[in-house]
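Engineer: Chains as they are written, first to last, in this note's numbering: chain A, 3 to 327; chain B, -4 to 304.
These aren't lab readings, by the way, just hints derived from the structure by calculation.
Check each hint, because a few of them may be wrong.
[To be verified] 30 Å max Cα-Cα, derived DSS-like pairs, lysine-lysine: (1) B:K258 x A:K315; (2) A:K71 x A:K215; (3) A:K315 x B:K218; (4) A:K245 x B:K209; (5) B:K209 x A:K242; (6) B:K209 x A:K200; (7) B:K226 x A:K245.
[As the list claims (entries may be wrong)] Residues from chain B shown here face chain A by an in silico Cβ test under 10 Å; the list is partial: (8) I61; (9) D169; (10) M177; (11) F270.
Since we're looking at a predicted model, the values are computed, not measured.
Cβ atoms here follow ideal geometry from the backbone N, Cα and C, with glycine treated the same way.
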Amino acid sequence: MSISVIPIEAQEKTARTETISVIIPISERHDDIGEMHREYTEALLLAGTPFEMIYVVDGGFGKAYLELKAMKEKGEKLTLIKHSRPFGEAIAITSGFLQCAGGIIMTLPAYHQVDAADLPKMIESLGDHDMVVARRWPRSDSKWNQLQTRLYHNLVSRMTGNVCNDIGCSVRLFRRKILEEINLYGDLHRFLPILSHKQGFKIKEVDMKQSSKESRVRTYSFGIYIRRMIDLLTVFFLIKFTKKPLRFFGLTGSAVLCMGLAVTSYLVFNRLFFGVGLSDRPLFLIGILFVVLGLQIFAIGLIGEIIIFTHAKEIKEYTVEEIIN
Amino acid sequence: MSVDLSVIVPLYNEEESVGPLHEAIVGAVDPLGMEYEILFVDDGSRDATFRKASELARTDPRLRVIKFRRNCGQTPAMAAGIDHARGKILITMDGDLQNDPADIPKFLEKIAEGNDIVCGWRHKRQDKLISRKIPSMVANRIIGRITGVPIKDNGCSLKAYRADIIKSVPLYSDMHRFIPAMTSLAGTKVAEIKVNHHARQFGVSKYGISRIYKVIIDLLVIKTLLAFSTKPMHLFATGGLVSMAMGGVVLLRVLGEYLRGGKADFMLASGGLLFLILSFFLFLIGFLCELIQRTGSFRTLQNLNKSVE
């Protein structure tokens, strides 16, 4: 992928562990960049820790890009990365990460989500945790938005376990090692707290006041909702079954297979002993269909196992925290 | 830096055992006059296991402690130990003092005799009969029958390996139970010796009877891997042929009936077609397997024991 980078001045690039690298991916949904930048930097200056701002423009959005470029030329300190085409927010965060120098990373949305004044509070609460995630609370947006958030949260925690209360909030602060260990792609950035929790990182949640500007009623197109569901399924599989695909496929496969076998043998039994003809029983077809489907699911599971086996050496299943001697 | 022997012990909530275990290992290996190291792998314990182990490591430079960030399970813990070990011979054992380090010299002798893997056999096992011994006896029989590597006690962690062999075996999930079978992919020589087994002194057993489903599925996987390593297409192609024959016979019958002037049986024909479809599907899966087999572990394993003369 081709990425053009305008780096900040070299002398500032010396890595300091206490520096916070703020990564702001800019995609379709963004508010006035100049205003966002002003709000964020003012709040971060109050926190007193050194920080750098990294903007990743994911594809087009020429207006935002030109605005940032103009700000940079006027002397604002920021790193600007531009993707030649949209790669998605997860990749945007990753390419920001590859350019950053800080030992602590903060991702912020390019639109109003939380009150920027609460950012210092978030930085303070990191302590010896590995990640701090924000929860928009108290909320000030429309009831419809809140309902959507709550439904989504319930679904996520049902499927992946309850890690945090506001997975949709992309204000997060975490240590560098998290992204060194977890590979973000597709839409996985949404689930970073869950993936980190699974890797054994310590996660803390803080309440941050919701930005009063995030009050617009959001109704997405049907396709977006479907995509969210598919993302969730991906994470569900990643968490539960990547190591042992057959434990999942085997269970579904044998359930379908047994159903098919039961139906078929019932019909064959009737044919043999009671002379009930098979030709006028559509159920027979369904039975065979289930047998075939069950076998296919099983075969797919075995393929999964074989892939895992051949690459098990590359996928480390353990995470080492410390080695002594 | 490489040493002669690495002793690898996964530990999970074994604070009482750490000290005595270290002492017993040192007591057993020191008289042999080998250069050795001990690797304690702390599998995310929530008690003082890591603190005690690292205190020991401060006084004993041969002891290395690997700490996991979270509890990953016994097989990953062993895998970590094996990955980090520097010895030419590796010995793995349980951290609960049920295995006896005094057996280690016997294992080394067997390895010196030219075996690649030596498995321990807890012939006087000190565990509960109904919940532990009987299920494991049945399981070992079945595993031996299916994998063709008749080990009497697959569950015993006390094993010795030649390092180059075990380092190239993919160890993941609960696969430690099947190491002897897995390495048979590489054509290894496996031996088995009787070992002591003590009743648990501290802590509680971390196993339950719920493993049965997992073991059955794992066994199926191992069987596939074994069958598959030498003849990749074979397994799926056989299935494909069987279902193709079934579908073909049914379709031919329907066709025969039709040609003789009867009414074509739509239902039966569709059933036959479904089986034909399945057979194509299985053939395609077989091709996929061929592709996969060209990569990764299979090639490494098969090239392991080749000697060029």
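Engineer: Each hint needs a verdict: does it hold in this structure or not?
Structural biologist: Status of the hints after comparison with the structure:
This hinted pair does not check out: K258 (chain B) and K315 (chain A) have alpha carbons roughly 59 Å apart, beyond 30 Å. Between K71 (chain A) and K215 (chain A), the direct Cα distance comes to roughly 25 Å. Compliance with the 30 Å bound is thereby established for this hinted pair. Simply put, K315 (chain A) and K218 (chain B) have alpha-carbon atoms about 20 Å apart, close enough for the 30 Å limit, and the pair holds. Between K245 (chain A) and K209 (chain B), the direct Cα distance comes to roughly 12 Å. Compliance with the 30 Å bound is thereby established for this hinted pair.
Taken as a hint, the K209 (chain B) and K242 (chain A) pair is honoured in the structure, with Cα atoms around 14 Å apart against an allowance of 30 Å. For the hint pairing K209 (chain B) with K200 (chain A), the CA-to-CA distance comes to about 21 Å; that is within 30 Å, so the pair holds. Taking the CA atoms of K226 (chain B) and K245 (chain A), the gap is near 24 Å; set against the 30 Å cutoff, the hint holds. Restraint check, I61 (chain B) versus chain A: the minimum CB separation of about 5 Å is within 10 Å; hint holds.
Because the beta carbon of D169 (chain B) sits about 8 Å from the nearest beta carbon in chain A, less than 10 Å, this interface hint is met. The interface hint given for M177 (chain B) is met, as the beta carbon of that residue sits about 9 Å from the closest beta carbon of chain A, less than 10 Å. Given hint, F270 (chain B) at the interface with chain A, holds; its Cβ is 7 Å from that chain's nearest Cβ, closer than 10 Å.
Going down the numbered hints, you'll see the structure goes against just number 1.
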